[in-house]
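Those protein sequence lines, which keep their order, are chains Z and B.
The opening residue of the first sequence carries number 0 in numbering that gives the first Met the number 0; numbering runs sequentially from there.
The opening residue of the second sequence carries number 0 in numbering that gives the first Met the number 0; numbering runs sequentially from there.
Mixed in with the good hints there might be a few duds.
[Stated by the list, open to error] Dumping the calculated SDA-like pairs for lysine to any residue here, alpha-carbon to alpha-carbon at most 25 angstroms:
(1) 148/Z <-> 75/B
(2) 143/B <-> 182/Z
(3) 34/B <-> 145/Z
(4) 104/B <-> 41/B
(5) 56/B <-> 226/Z
(6) 56/B <-> 228/Z
(7) 56/B <-> 235/Z
(8) 94/B <-> 45/Z
(9) 182/Z <-> 111/Z
(10) 148/Z <-> 104/B
Quick caveat, the hints were computed from the structure, so don't treat them as lab data.
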Amino acid sequence: MTSTEGRVEAALADTADLRVWDLPVRIMHWLLVIGTGVCWWSGVNNELEYHLWSGYAILWIVLMRLYWGVVGSSTARFVNFVRGPKAILDYATTLHRRDTPHAHGHNALGAISIVVMLGLVLTVVVLGLFAVDVDGLYSGPLSSYVTFKQGRHIAHLHYDWFNILLWMIGLHLAAVLFYFLYKRQNLIRPMISGKRQVKRQGEAREPEMKIVPLWRFVIGAVIVSAIVYAVYIGFYF
Amino acid sequence: MSVLSFRRVSAAVLVVFGFTVLEAAAGPAEIAQIKPRQDKLRDMGGALKAITDEIKKGRLDWDNTILPNAQTIKDRSVYLLNWFPKGSGPETGKKTYALPAIWQKNDEFQKLGKAAQAEAAKLNDIALKKDEAGLKAQVIATGKACKACHDDFRSPDYEKENEE
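All chains should be modelled from the sequences, with the hints used to inform the complete structure.
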């Protein structure tokens, strides 16, 4: 055994995996990334048939995320990561420091970005439900409740709000990059593996993530699917 | 100068003057196409939407909704290609989605316009026959015929459309 390997081993023995994100959170996050990409592409290229399907997918994901934010694992719940102004300010004042401990789950500032992004995605999707295309062919499932002119106007709002969402996504990516380069904290890997490496000593012992059983997710999936289906048929039962 | 030649000269002057006036008037005439053409196309889009709405609702009101709207699309489509005289594009300086490609690739534009007319006529036939089975497919075919032209000859610039 070379000395390098020995040191690596010693370093590894010194760390442990801490679970940060449960499977539903990770799956929903990456599905949302894919879904948003497909929506962006199909929207810009006027491939509205695909745009409709990817839009339904995003509606499903966002509703599921909201549901999971109430009944999901500890780091997914809004009550655990949405902070008041004081906590946010406190966190913001330490942002320039490199020695701050890793936040378990969303940090106070990141929480704002998550809530704003979810809100924006929901806004864009809801506007899309009422939007009318220029041909009057591939309109949103609820467009029969508005006139052609109103629906066209909503389609423009749908586009404008999506642009705001893009800026927010840009900020989100910039923040992840900032943590990686400046704070030397890799936020991407935990969003893939669900785990983050922590030193056994040194860092104070953090509370383990409370994982809830997956059947809760299944129940939500059934309810949310029913809602999305009702939207799909325009509530014309 | 003989009387005859005076007449000839004055006739020639008048003709030249007349052409000049016509030429000058060509600008406003083409500009005048833009607004009504947008209104008429919007009516057609609204008419197709009215029919797709009926399909969504799952109850087809043939006499009050589908037939009159199919007829609107068909009637308007007959004049479709007349609404785009040369010179009524963005060069007017007016707010228009009409792309210069309409006149640069006019053969293709005409072909798509005629295809849309054919689909609109078929849609009207189906509405007259109250052919429930054929309606949905023909609505899609008609909408796609509209879209085919919009994809290549209409500006996708979203910010432009927020006029009244």
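Check each numbered hint from earlier against the structure, then list the numbers of those it violates in ascending order.
-> 2, 10
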